[in-house]
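> Using the sequences provided together with the hints, build the complete structure.
Using our numbering, read the sequence shown as starting at 3 and increasing by one per residue.
Derived by calculation from the structure, the hints in this document are not laboratory data.
Just so it is clear, CB atoms sit at the ideal spot from N, CA and C, and this is done for glycine as well.
Don't take each hint at face value.
Said to hold, decoys possible - Have a look at the derived ranges for each label pair, beta carbon to beta carbon:
{"hint": "1", "residue 1": "E383", "residue 2": "W200", "range": "41 to 49 Å"}
{"hint": "2", "residue 1": "L405", "residue 2": "A235", "range": "34 to 42 Å"}
{"hint": "3", "residue 1": "P96", "residue 2": "P271", "range": "24 to 32 Å"}
{"hint": "4", "residue 1": "P207", "residue 2": "L413", "range": "31 to 39 Å"}
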Amino acid sequence: MTLPASQPEMPSTSAEQLTPEARATARHVVAASFLAWMLDACDFFLVLFTLDNVAHSFSTSLESVLLAPTLTLMTRPIGAFLCGRAADKYGRKPVMIITILVYSVIEVLSAFSPTLWIFLLLRALFGIALGGEWGVGTSLIMESVPASWRGTASGILQAGYPAGYLLASILFLTLPLIGWRGLFVLGGSAVFSALYIWIRVPESPDWLARQKAPASTVQAHQGLGSIMRQNAALCVFAVTLMAGFNFMSHGSQDLYPKVFLALERHIAPPSITLIVVLYNVAAIAGGLFFGFLSQRIGRQYAIALAALLTIPLLPLWTLPQSAIWLAVGAMCIQFCIQGAWGVVPAYLSELSPASVRATFPGLAYQCGNLLAASNALLQTEIGRILGRGLAPALMLTVGMAALVVLVLTLLNAKLHPQTRTEM
3 MTLPASQPEM
13 PSTSAEQLTP
23 EARATARHVV
33 AASFLAWMLD
43 ACDFFLVLFT
53 LDNVAHSFST
63 SLESVLLAPT
73 LTLMTRPIGA
83 FLCGRAADKY
93 GRKPVMIITI
103 LVYSVIEVLS
113 AFSPTLWIFL
123 LLRALFGIAL
133 GGEWGVGTSL
143 IMESVPASWR
153 GTASGILQAG
163 YPAGYLLASI
173 LFLTLPLIGW
183 RGLFVLGGSA
193 VFSALYIWIR
203 VPESPDWLAR
213 QKAPASTVQA
223 HQGLGSIMRQ
233 NAALCVFAVT
243 LMAGFNFMSH
253 GSQDLYPKVF
263 LALERHIAPP
273 SITLIVVLYN
283 VAAIAGGLFF
293 GFLSQRIGRQ
303 YAIALAALLT
313 IPLLPLWTLP
323 QSAIWLAVGA
333 MCIQFCIQGA
343 WGVVPAYLSE
353 LSPASVRATF
363 PGLAYQCGNL
373 LAASNALLQT
383 EIGRILGRGL
393 APALMLTVGM
403 AALVVLVLTL
413 LNAKLHPQTR
423 TEM
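Structure representation (structure tokens):
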């Protein structure tokens with residue numbers, strides 16, 4: 003299979019060519035995209051934090067409520083496709099505003115769910131908005147900032163995910179006062195980020211330019227199926243790569259706090275909370291660092307370096323018995339894993355055909371995420387088979403995923419050494 007080179011269509015305006023007004027606008031685009039992704043992630047994590055409270059409210063089992071995040075993950079590819087296609091056709095800005103409005107309304111409606119089934123239906127619909135926001139936001143930010151900003155902007159955008167985790171953790175402290183329904187109402191305040199985008203963020207200049215271009219010079223009139231067939235190797239590469247990425251992130255996060263730290267290492271709840279806060283701060287720092295580094299050494303090499311550094315850190319992350327060393331290991335591993343993720347928005351945007359730049363990155367991400375949805379079950383089964391607890395399963399799944407990401411990015415770098423930061 004011939005792996006893809008980057009697409010050259012996107013203009014490469016430098017920061018030095020910008021007027022002060024254009025610089026300010028670019029900063030607003032970065033801030034708005036970060037804010038939207040952070041609040042979207044926060045709303046998702048609020049469900050995970052309140053699963054037992056929701057189960058008690060509906061007088062049902064925890065297993066029944068666990069369907070909520072599962073349905074959210076399953077419907078994310080639908081959102082990536084629908085919102086991405088709409089953004090490629092009608093523009094990034096209006097679709098992003100509508101997506102934020104939709105997930106804000108759904109979050110508030112979830113708070114007033116009278117039955118479990120309505121709650122589950124709303125969480126499935128929330129997944130569509132969750133899956134759509136990332137791809138649209140990625141295309142808006144990558145097409146709107148100068149070329150020299152893209153690596154750092156990519157890291158800032160992706161840092162919204164761990165930042166949303168942290169925000170949800172802080173909001174969760176108000177649970178005794180307002181209950182889980184009150185938390186969901188607070189989650190609906192994300193609607194204000196849509197207002198910010200409407201007032202301060204312009205449409206993508208790259209999208210506007212392609213709308214004015216002669217039809218013969220763009221792929222805009224081709225169907226998505228035709229474009230994907232022409233870029234079959236690119237699609238296989240991107241989805242496989244993103245499956246590896248999602249196995250890295252979910253493999254290092256989903257079972258680590260409550261199952262590994264609490265049940266196996268018997269770490270006290272306050273210490274677990276502190277560890278979670280510390281490794282999310284490290285994750286934000288890692289995304290910013292490797293995003294900036296990718297502007298210097300290239301996207302592929304920054305991703306490969308982060309994936310490579312992940313592998314020798316696996317024992318420090320899982321084998322210690324003390325909370326201190328586990329915290330150190332968790333911080334180091336998340337710095338690298340989320341560091342690699344910090345390059346993803348720029349990398350996928352630069353690989354994408356121009357006419358589907360809002361569809362392709364988000365769809366590749368969410369399809370990869372769907373492939374990795376079995377992570378928790380897989381790790382649990384590996385731990386059962388090996389009979390040595392969860393530590394070997396965590397190291398095996400995350401280590402293999404990091405190896406897949408490392409090999410794929412280096413292979414692509416070898417086949418296309420000219421691929422750096424151009425679009």
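> It remains to establish, for every hint, whether it holds in the given structure.
Each hint tested on the structure:
1. E383 / W200: 41 to 49 Å: 47 Å, holds
2. L405 / A235: 34 to 42 Å: Roughly 21 Å apart at Cβ, these two residues miss the hinted range, so it is violated.
3. P96 / P271: 24 to 32 Å: Once the Cβ atoms are compared, 44 Å apart, the range 24 to 32 Å for P271 and P96 is violated.
4. P207 / L413: 31 to 39 Å: 34 Å, holds
In this structure, the hints that do not hold are numbers 2 and 3, in rising order.
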